[in-house]
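Asks: Following the hints, position chain B against chain A.
Chain by chain, the residues run as shown.
There are 2 protein chains.
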Amino acid sequence: MRQVYLDHIAATPLDPQVLEAMLPFLRDKFGNPQSLHSAGQEALVALEEARSRLAGLIGAEDSEVFFTSSGSEANNFALKGMALARRDKGNHLVLSAVEHQSVLHSVKSLEKLGFSSTLVPVDKYGLVDPEAVRRAIQKETVLVSVILASNEVGTVEPVIEIARICRAAGVPLHTDAVAAVGNIPVDVKELGVDALSLAADQFYGPKGSGALFVKKGARILPLIDGGIQEGGRRAGTENVAGIVGMGKAAELARARLSERQEGMKTLRDRLIDRLPQRVDRVYLTGHRERRLPHHASFCIEFIEGEAMLLNLDMKGIAVSSGSACTSRALKASHVLLAMGIDHALAQGSLVFSLVDSTTAEDIDYLLDVIPPVIDRLRKMSPLYTKFLEESQK
Amino acid sequence: MRQVYLDHIAATPLDPQVLEAMLPFLRDKFGNPQSLHSAGQEALVALEEARSRLAGLIGAEDSEVFFTSSGSEANNFALKGMALARRDKGNHLVLSAVEHQSVLHSVKSLEKLGFSSTLVPVDKYGLVDPEAVRRAIQKETVLVSVILASNEVGTVEPVIEIARICRAAGVPLHTDAVAAVGNIPVDVKELGVDALSLAADQFYGPKGSGALFVKKGARILPLIDGGIQEGGRRAGTENVAGIVGMGKAAELARARLSERQEGMKTLRDRLIDRLPQRVDRVYLTGHRERRLPHHASFCIEFIEGEAMLLNLDMKGIAVSSGSACTSRALKASHVLLAMGIDHALAQGSLVFSLVDSTTAEDIDYLLDVIPPVIDRLRKMSPLYTKFLEESQK
Chain A
283 MRQVYLDHIA ATPLDPQVLE AMLPFLRDKF GNPQSLHSAG QEALVALEEA
333 RSRLAGLIGA EDSEVFFTSS GSEANNFALK GMALARRDKG NHLVLSAVEH
383 QSVLHSVKSL EKLGFSSTLV PVDKYGLVDP EAVRRAIQKE TVLVSVILAS
433 NEVGTVEPVI EIARICRAAG VPLHTDAVAA VGNIPVDVKE LGVDALSLAA
483 DQFYGPKGSG ALFVKKGARI LPLIDGGIQE GGRRAGTENV AGIVGMGKAA
533 ELARARLSER QEGMKTLRDR LIDRLPQRVD RVYLTGHRER RLPHHASFCI
583 EFIEGEAMLL NLDMKGIAVS SGSACTSRAL KASHVLLAMG IDHALAQGSL
633 VFSLVDSTTA EDIDYLLDVI PPVIDRLRKM SPLYTKFLEE SQK
Chain B
283 MRQVYLDHIA ATPLDPQVLE AMLPFLRDKF GNPQSLHSAG QEALVALEEA
333 RSRLAGLIGA EDSEVFFTSS GSEANNFALK GMALARRDKG NHLVLSAVEH
383 QSVLHSVKSL EKLGFSSTLV PVDKYGLVDP EAVRRAIQKE TVLVSVILAS
433 NEVGTVEPVI EIARICRAAG VPLHTDAVAA VGNIPVDVKE LGVDALSLAA
483 DQFYGPKGSG ALFVKKGARI LPLIDGGIQE GGRRAGTENV AGIVGMGKAA
533 ELARARLSER QEGMKTLRDR LIDRLPQRVD RVYLTGHRER RLPHHASFCI
583 EFIEGEAMLL NLDMKGIAVS SGSACTSRAL KASHVLLAMG IDHALAQGSL
633 VFSLVDSTTA EDIDYLLDVI PPVIDRLRKM SPLYTKFLEE SQK
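Protein chains in written order, with the working numbering: chain A, 283 to 675; chain B, 283 to 675.
Be aware that a few hints might be false.
To be verified - 30 angstroms max Cα-Cα, derived DSS-like pairs, lysine-lysine:
1) B:K390 / B:K497
2) A:K390 / B:K497
3) B:K394 / A:K421
4) A:K547 / B:K311
5) B:K371 / A:K394
6) A:K311 / B:K547
7) B:K597 / A:K311
8) A:K497 / B:K613
9) B:K613 / A:K498
10) B:K668 / B:K406
11) A:K390 / B:K498
12) A:K613 / A:K371
13) A:K394 / B:K498
14) B:K371 / A:K390
15) A:K371 / B:K390
16) B:K394 / A:K394
17) B:K498 / A:K613
18) B:K394 / A:K390
19) A:K498 / B:K394
20) B:K471 / B:K421
21) A:K613 / A:K394
22) A:K311 / B:K613
23) A:K613 / B:K311
24) B:K390 / A:K498
25) B:K421 / A:K394
26) A:K613 / B:K497
27) A:K497 / B:K390
28) B:K390 / A:K394
29) B:K394 / A:K497
30) A:K394 / B:K497
31) B:K390 / A:K390
Please keep in mind that the hints were generated in silico from the structure rather than gathered at the bench.
Chain A with its partners taken away, still in its complex shape (with noise of 0.2 angstroms):
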């Protein structure tokens, strides 16, 4: 059976030139980076070496970047070690309504110890506006996060307008990037935020390997205290082969970032196009322009996200209902909602991201395969009984 795997927002594959650069560094450059021995300065060589090349990719400087375990331990770490850096400012935090589940619950976190937060709200295609932005920044406010590119509805924010405001405020702006770096071009420098998120297995690296860039100066305390790993900011022994790995997938994406979009898109939008043409009441979520290039969104009626996204995986599909980091609870997704997607259609959820592997025969094959497990599954529905009885009449 074909196999078409679409699910980049959960996990990229690895790119092969990424596992070859960490392999070395699973074999006999196995030193602790912090040890000042020969085995250690080799691993030390190659941690600032990766540094240097992820810096490249989103135009920070190298001491600018703080290795993480994941984009959620980046966007923890930048909620948490800002506002509570800043605490002596004040005690209020803005953040959008589509942000991330690991912004959202640092905030709330964050909440147990003294602040308050303001929710921004977007409009139908997912799109905060910055002067809803400039309405909520108070005198006690800290800090703002606004994501950068939804991982569930593929929609790109206005940051650089949003950056605008903030500087003017005098309010450090965070951006969780984990789904847009590497996959558009991201400069923290023309974004003009102080903090920005990033996950290596969105971008052909390994799990388990993130960072925070943090302009220099802006005050940051540590989420993971101790050791005077990454300055003192970021305690506990390097993952030093995916770290490597990081930053070959860096370099990597650096290099072919405009190709890669370039050939996404034109995927994309052959999905984006001719899936309402094969399926009835399916609708394109987030914004059909200002999108990620690999990033198709739909609400289908009639239907449950799951119950597609199973029968698909029986063809050889693999897609998702949403954001992995909350797939198996099976809720209906805050972004959706936020987006005025009423709860029934919001559970119909379906998200196809393509990887850099994808073919024009998989997305046709795609296109062959939905319509008839759609077809089945709406008969099973009792809503879309009525639904066709009611239309009837």
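Replies: Below, chain B without anything else, positioned relative to chain A:
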């Protein structure tokens, strides 16, 4: 040149069988364990098998094991998560003076949030007196943390006795078992602890993989908030390959533990017995019997540990001068100072920690190399010259 790696406490080499187990998850099996499709299921099954293997090594239930990215993260998770979860009960912590930096600094961060702490002193062997822990526990105490075995001096603490005292006082006990797990028998039920930290790179598993055991029913808040991974207690896409590697390493450690222990002990004792015969004014640090089987640590008078380390490195011998997590800070170890070793002597700290490939020939090579190196370094020391002059009077 002969290469002799004696820096287990910084990091062990990866067992080739461990790498073999990891490779499929760095190649075709790249699914996200939270994805509902087959690629996700495959990763989830591997994750749970690893959890089970790790639980087996420490006598825990599978559901009591939470994956982290390092021992330091596990320590932060335990200290901050348990203290904050029990804040309604009080705001006082008890810990020993010889804890790892990640425990000490977690407590410092908690102090900024309104906690206070009592540091329990140790004797000249680095041993904590259980009675001193009993006296340190107050009505407001919400957590006790005592290291199981010191990475710096090898001493194994009387955690069973301390756990008995904590239980009687109704206060949970966390133990940092990073240096111990996989190297001595560790059973959470026998120990009677409520939480226990470990790291794979201390038993021939990969860097970037650790875990926290949390006893069923013990209250703990996440350190990393977000998705539903690890039962909602530790968010972030799992480092599947790393976790699979840790599981395999745990399985191997369990099978090989007694044999490995005996072999190491013999070689360790060869070094502990013979080094002071070859060189004068060299003192074993830590306890002679209650110590890790792979651990031989010394303070060498009129010597700087770092100079010694670099000179041995030139002879192909990798050792450390203390904890890798602070080695580049070049400060006298808080552990040695807590044991009453004076500042000057503490600077001459050297830790030889054996790995499973260490041979008697390696130890003998070391024993041959060390004396002339020490001679040469001492000749450059004004303190030593002064000492010689005075002793010849």
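Asks: Indicate, hint by hint, whether the structure satisfies it.
Replies: Results of checking the hints against the structure:
For the suggested pair B:K390 and B:K497, the alpha carbons sit about 25 angstroms apart, so the restraint of at most 30 angstroms is met. Proximity of A:K390 to B:K497 is assessed by CA-CA distance (about 25 angstroms); at most 30 angstroms being required, the pair is judged to hold. With a C-alpha separation of about 23 angstroms, the suggested pairing of B:K394 with A:K421 holds against the 30 angstroms cut-off. A threshold of 30 angstroms between alpha carbons decides the hint, and for A:K547 with B:K311 the separation of about 26 angstroms falls inside it, so the pair holds.
Pair hint B:K371 plus A:K394 holds up; C-alpha atoms about 16 angstroms apart against a cutoff of 30 angstroms. Distance check on the hinted pair: A:K311 and B:K547 sit about 26 angstroms apart at the alpha-carbon level, within 30 angstroms; holds. Among the hinted pairs, B:K597 with A:K311 is consistent with the structure: their alpha-carbon atoms are about 18 angstroms apart, no more than 30 angstroms. Between the alpha carbons of A:K497 and B:K613 the distance comes to roughly 29 angstroms, so the proposed pair stays at or under 30 angstroms and holds.
With a CA separation close to 26 angstroms, the supplied pair B:K613 and A:K498 stays within the 30 angstroms bound. Of the pairs offered as hints, the one joining B:K668 and B:K406 holds, with about 27 angstroms between alpha carbons and a cut-off of 30 angstroms not exceeded. Restraint check for A:K390 and B:K498: satisfied, since their Cα atoms lie roughly 24 angstroms apart, inside the 30 angstroms limit. Among the hinted pairs, A:K613 with A:K371 is inconsistent with the structure: their alpha-carbon atoms are about 37 angstroms apart, more than 30 angstroms.
Under the criterion of a C-alpha separation no larger than 30 angstroms, the hint pairing A:K394 with B:K498 is consistent with the structure, at around 24 angstroms. For the proposed pair B:K371 and A:K390, the alpha carbon gap of about 21 angstroms is at most 30 angstroms, so the pair holds. A C-alpha spacing of about 21 angstroms is found between A:K371 and B:K390, which places the hinted pair at or below 30 angstroms, so the restraint holds. About 15 angstroms separates the Cα atoms of B:K394 and A:K394, which keeps this hinted pair within 30 angstroms; it holds.
For the given pair, B:K498 sits about 26 angstroms from A:K613 by alpha-carbon distance, which is consistent with the 30 angstroms threshold. A C-alpha spacing of about 19 angstroms is found between B:K394 and A:K390, which places the hinted pair at or below 30 angstroms, so the restraint holds. Restraint check for A:K498 and B:K394: satisfied, since their Cα atoms lie roughly 24 angstroms apart, inside the 30 angstroms limit. For the given pair, B:K471 sits about 26 angstroms from B:K421 by alpha-carbon distance, which is consistent with the 30 angstroms threshold.
Taking the CA atoms of A:K613 and A:K394, the gap is about 24 angstroms. The hint holds against a cut of 30 angstroms. Proposed proximity of A:K311 and B:K613 is supported: the alpha carbons are some 27 angstroms apart, at most 30 angstroms. A distance of roughly 27 angstroms separates the Cα atoms of A:K613 and B:K311; the hinted pair therefore holds under the 30 angstroms criterion. Taking the CA atoms of B:K390 and A:K498, the gap is about 24 angstroms. The hint holds against a cut of 30 angstroms.
With a C-alpha separation of about 23 angstroms, the suggested pairing of B:K421 with A:K394 holds against the 30 angstroms cut-off. Proximity of A:K613 to B:K497 is assessed by CA-CA distance (about 29 angstroms); at most 30 angstroms being required, the pair is judged to hold. Restraint check for A:K497 and B:K390: satisfied, since their Cα atoms lie roughly 25 angstroms apart, inside the 30 angstroms limit. Between B:K390 and A:K394 the CA atoms are separated by roughly 19 angstroms; this keeps the pair inside 30 angstroms, and the hint holds.
Between B:K394 and A:K497 the alpha-carbon distance is near 24 angstroms, which keeps this suggested pair within the 30 angstroms criterion. For the hint pairing A:K394 with B:K497, the CA-to-CA distance comes to about 24 angstroms; that is within 30 angstroms, so the pair holds. Between B:K390 and A:K390, the direct Cα distance comes to roughly 22 angstroms. Compliance with the 30 angstroms bound is thereby established for this hinted pair.
Of the numbered hints listed earlier, the single one contradicted by the structure is hint 12.
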